[in-house]
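Using the sequences and the hints, build the whole thing.
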Amino acid sequence: LFETSLTRAYVDQNVRAGWWPNTLLTDDLDAAARKDPGRTAIIDSRGTYTYGELRVACDHVSLGLLELGVRHGDVVTVQLPNWNEFVVMVLALERIGAVINPIAPTFREREVAGMMRLARPVAAVVPHRFRDFDYPAMYARMRAQTPSLKAVVVVDGERGEGDLSWAELIEAGRRDDRRRDVLTWLRPGPDDVSELIFTSGTTGEPKGVLHTPNTLASAALGAIRSQELGADDVFHMASTFAHQTGFIYGIRLPIHLGATGIWQDVWDASRFIELVEQHGITFTMGATPFVMDTLRGLGPDGSPLRTLRTFISAGAPIAVPMAEEVRQRLTTRLAPGWGMTENGLGSVCMAGDPPEKTTTSDGRPHPGMELQVRRADGGAPGPGTEGDLFVRGPFTFVGYVQGRAFTERFFDREGWFETGDRALIDDQGFVRITGRTKDIIIRGGDNIPVKEIEDLILRHPAVAQVAVVAVPDERLGERAAAYVVLKPSQTLDLTVLQQYMREHAVTTQFWPERLRIIDEMPTTPSGKVQKYRLRELAKES
Numbered sequence: 001l002f003e004t005s006l007t008r009a010y011v012d013q014n015v016r017a018g019w020w021p022n023t024l025l026t027d028d029l030d031a032a033a034r035k036d037p038g039r040t041a042i043i044d045s046r047g048t049y050t051y052g053e054l055r056v057a058c059d060h061v062s063l064g065l066l067e068l069g070v071r072h073g074d075v076v077t078v079q080l081p082n083w084n085e086f087v088v089m090v091l092a093l094e095r096i097g098a099v100i101n102p103i104a105p106t107f108r109e110r111e112v113a114g115m116m117r118l119a120r121p122v123a124a125v126v127p128h129r130f131r132d133f134d135y136p137a138m139y140a141r142m143r144a145q146t147p148s149l150k151a152v153v154v155v156d157g158e159r160g161e162g163d164l165s166w167a168e169l170i171e172a173g174r175r176d177d178r179r180r181d182v183l184t185w186l187r188p189g190p191d192d193v194s195e196l197i198f199t200s201g202t203t204g205e206p207k208g209v210l211h212t213p214n215t216l217a218s219a220a221l222g223a224i225r226s227q228e229l230g231a232d233d234v235f236h237m238a239s240t241f242a243h244q245t246g247f248i249y250g251i252r253l254p255i256h257l258g259a260t261g262i263w264q265d266v267w268d269a270s271r272f273i274e275l276v277e278q279h280g281i282t283f284t285m286g287a288t289p290f291v292m293d294t295l296r297g298l299g300p301d302g303s304p305l306r307t308l309r310t311f312i313s314a315g316a317p318i319a320v321p322m323a324e325e326v327r328q329r330l331t332t333r334l335a336p337g338w339g340m341t342e343n344g345l346g347s348v349c350m351a352g353d354p355p356e357k358t359t360t361s362d363g364r365p366h367p368g369m370e371l372q373v374r375r376a377d378g379g380a381p382g383p384g385t386e387g388d389l390f391v392r393g394p395f396t397f398v399g400y401v402q403g404r405a406f407t408e409r410f411f412d413r414e415g416w417f418e419t420g421d422r423a424l425i426d427d428q429g430f431v432r433i434t435g436r437t438k439d440i441i442i443r444g445g446d447n448i449p450v451k452e453i454e455d456l457i458l459r460h461p462a463v464a465q466v467a468v469v470a471v472p473d474e475r476l477g478e479r480a481a482a483y484v485v486l487k488p489s490q491t492l493d494l495t496v497l498q499q500y501m502r503e504h505a506v507t508t509q510f511w512p513e514r515l516r517i518i519d520e521m522p523t524t525p526s527g528k529v530q531k532y533r534l535r536e537l538a539k540e541s
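According to this note's numbering, the sequence shown is numbered sequentially starting from 1.
No lab work stands behind these hints: they were computed from the structure.
Note that the structure is predicted; figures quoted are calculated from it, not measured.
Do not take every clue at face value.
Label-pair ranges, simulated between beta-carbon atoms [stated by the list, open to error]:
1) Gly47 with Gly230: 23 to 33 angstroms
2) Asp455 with Arg409: 15 to 25 angstroms
3) Pro383 with Gly302: 38 to 48 angstroms
Yeah, the Cβ is synthetic: ideal placement off N, Cα and C, and Gly gets one too.
In structure tokens, the structure reads:
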């Protein structure tokens, strides 16, 4: 069904080391429901759900999906906010051996169509409306481009012609309740592909990352060990479940422990503060702007959020003043980390690490993971010297949906994965991400696909040349700025450019937020655009 890089020796190595439990997330669900069916599993914006209720919903949706024709290895796209239905889909698809393809609800037709072309889903699950956007209408337009798509399930609202409602899916499974034994017969293996999640297309086409129950479980186990987490912790997540941060550490991590997860479908710092006070949240994880927003939301005399023990922050460096303010005002341990779609958290600051490492590093390699820095010639540069970052270990994905030949371009013969990041590792083993060999902009934790945006702008009738670069931003880390050389007698301003983005259904977060018209593009003698000069120019202005 999918080509993967797994070999029996590699599987056995990770099982022996205790990183691959050889179980499914549904096993953890079943265990939690048997132990205490009345324990709260989920609190989202629309209600509270126990482990017993979650297990029943999982089984009914599993049977409903089978009735719909979904089979082992089939891909189902899920483009939902952080709602309980997203989690039910994760569990139900894993129960029957199908593959979830999570897509962020902010993505629009241009990005979604490209992902679906590669994923070839047989079904999709979407909201009726979220943040005033009509998802069934978008999927109706894409059906002609996606011949594999046989069904669209609509949550929480009117369904379109030919679509199925969430209630109808549940009812189909409820009618089939006596056939629950079939779920045991259909049990997939822990090394079967269970997730197909896309990166942000930094080379013009998004890469489809394949994970299994074992690789995903090991990433959650790593966080449990490094952050000293347990079943009594209360977890929070506001990052979308369609990014690995939300998918692993928002959904899978609390269910592994039989703990409670509290979710926001839209990030709001004031609401987060209320949730901490109301439910005793102990752990959260999100992009660096979430930390800044929380401090601002508290105000000068705000609560110290005493229950919030750990806040893992990734996606942008933690500024010294912000880290000092957290230490002065909160009892929370701020833990910087680095990770990727391909391997979850690869490094993180752990309990007991020196406080100064919060602002001078991205943590230490996560338990079970190995990080290595190399010079251009492949040699080791020595402690504190920058090089290309490679990673290896049980959290690592098993392949790209583009196939084995494509995947092997990113691995060496010893199983080291080339991340595309630049880094240094000091003599204590702490990692610092220093830059990127790949051309991306990280805006508030979201990767902007620079080449795809540049290619689109280049098709604008007024544009002769374009380069999109990052400009620093205090809150979001980076924003996108477009430098444009115009064709003769043409004009262009930011309003017109953003309207062009809207007309081409580009996700709003990917739009350039600054535009500068220049006479000529700075280039090397060979004609390559010198983006570092544009970045310097952007900083100055």
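message: Run through the hints listed earlier and report the numbers of any the structure violates, in increasing order.
response: none
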